[in-house]
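Please construct the entire structure, taking both the sequences and the accompanying hints into account.
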Amino acid sequence: MESSSLVIRSDGGTSAVTSSREFGDFSILVSDFEGATGWGLKPEGLCKGDVCYPVRNVEELSDGVNIDLATFAKLTNQSLLFDSEYQVAALGELASSRATSMSTLVAPDFRLPDIHGKQVSFSDFNRRKRLLLAWSSW
Amino acid sequence: MQDSGFQIVAVALDADENAVIEWATKEALTFPVLIDKFHIVADLYGFVNVPAAIWVDENDKIVRPADGTPGSDLFRSFSHVDSEVHHNLLRSWVRGNVRDLDDAQVRDFQLPPTQELQDARLHRRIAIALRERGDPGDEAGSRKHLALAEELAPLDWTIRRGNMPLVGIDPFGEEFFKFVGEWAKAGRPGYELGTGRETKPDLT
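Sequences listed follow chains A and B, in order.
Counting in our numbering, the first sequence runs from -2 upward without gaps.
Counting in our numbering, the second sequence runs from 9 upward without gaps.
Everything labelled a hint here was simulated from the structure, so no lab data went into it.
Keep in mind that the hints are not guaranteed to be accurate.
[Unchecked claim] Below, in silico cross-link-like pairs of lysine-lysine (DSSO-like), each with a Cα-Cα straight-line distance of 30 Å or less:
#, chain 1, residue 1, chain 2, residue 2
1, A, Lys115, B, Lys69
2, A, Lys115, A, Lys126
3, A, Lys71, A, Lys39
4, B, Lys34, A, Lys126
5, A, Lys45, A, Lys71
6, B, Lys193, B, Lys152
7, A, Lys71, B, Lys152
8, B, Lys69, A, Lys45
9, B, Lys69, A, Lys126
10, B, Lys34, A, Lys115
11, B, Lys152, B, Lys186
12, A, Lys115, A, Lys45
And the structure:
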């Protein structure tokens, strides 16, 4: 049975997709895959920008119509949580990858809306010293 | 310091954008205030409580790790942190290019996450997405995932305290002080730099 689900990427981008439980516990349509995850299934493997991870057994990842998100997450070194009842899946960074990226001391970029609804990137303020302040109303 | 090639970028780890807009408008802030409903920046940079800050230099390098950073002495009686110490260090860096920590020290004081914390962050994102979708039953689903996040990261302020207003709990009420007690008993895990922290804090 197909249903409408949400996929949340590790950068916070969220997409509505068509999901099913016919191929793995949480799969999404091949046609929704790249838009929802930012990754493409190519002859070289699973690719995002210049990064490609080989896919040794394509049948495990896809039946041609659906892509199994758990297999996708495993192959691309991401973590995945999903709730089939509420039809939401979230992809994230594994703790081990995050520890490695933090130790490089390279400040990762991000893009978020400001209070006027305008999308702003941290890199919009590059080439100057920055104080990144985490704050909250709670 | 805004003229000297320096920029403050504030990120609100907040699912309630109206609260952020209200505060930022009232204070007439001159720096950008971004709204991070999914706590993406907490995940990227290792923020576990607020207010806290990281310094990033002209070459996109992290030169000071996440550290509890009060903007003023408003909560000094509670946090026992002297904001002037932070302000002086910041001035020395911005104006004189003087760092108080070297790269090795920055790494030592970073807070790489546990897998439990990463999973908690994903549960929280699912909860926020359900809350926003708002289909019948989504409110129950949202609460379920907020509770799962708290089970996995019971001592993380962005999870435990950040969840309180989402489930109608007073973030300065009884539940909050119960959490603070648990956190203090566990040795106050979090930012270890403790810049400007006065001795003998009494939080319990």
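Here is what the structure says about each hint:
1. A/Lys115 / B/Lys69: Judged against 30 Å, a Cα distance of about 26 Å means the pair holds.
2. A/Lys115 / A/Lys126: holds (22 Å)
3. A/Lys71 / A/Lys39: Status holds; Cα separation ~17 Å.
4. B/Lys34 / A/Lys126: holds (26 Å)
5. A/Lys45 / A/Lys71: At roughly 15 Å apart (the allowed maximum being 30 Å), A/Lys71 and A/Lys45 satisfy the hint.
6. B/Lys193 / B/Lys152: holds (26 Å)
7. A/Lys71 / B/Lys152: holds (25 Å)
8. B/Lys69 / A/Lys45: Given pair B/Lys69, A/Lys45 holds - Cα atoms ~24 Å apart, limit 30 Å.
9. B/Lys69 / A/Lys126: holds (10 Å)
10. B/Lys34 / A/Lys115: Between B/Lys34 and A/Lys115 the Cα gap is close to 19 Å, so the pair holds against 30 Å.
11. B/Lys152 / B/Lys186: holds (21 Å)
12. A/Lys115 / A/Lys45: holds (26 Å)
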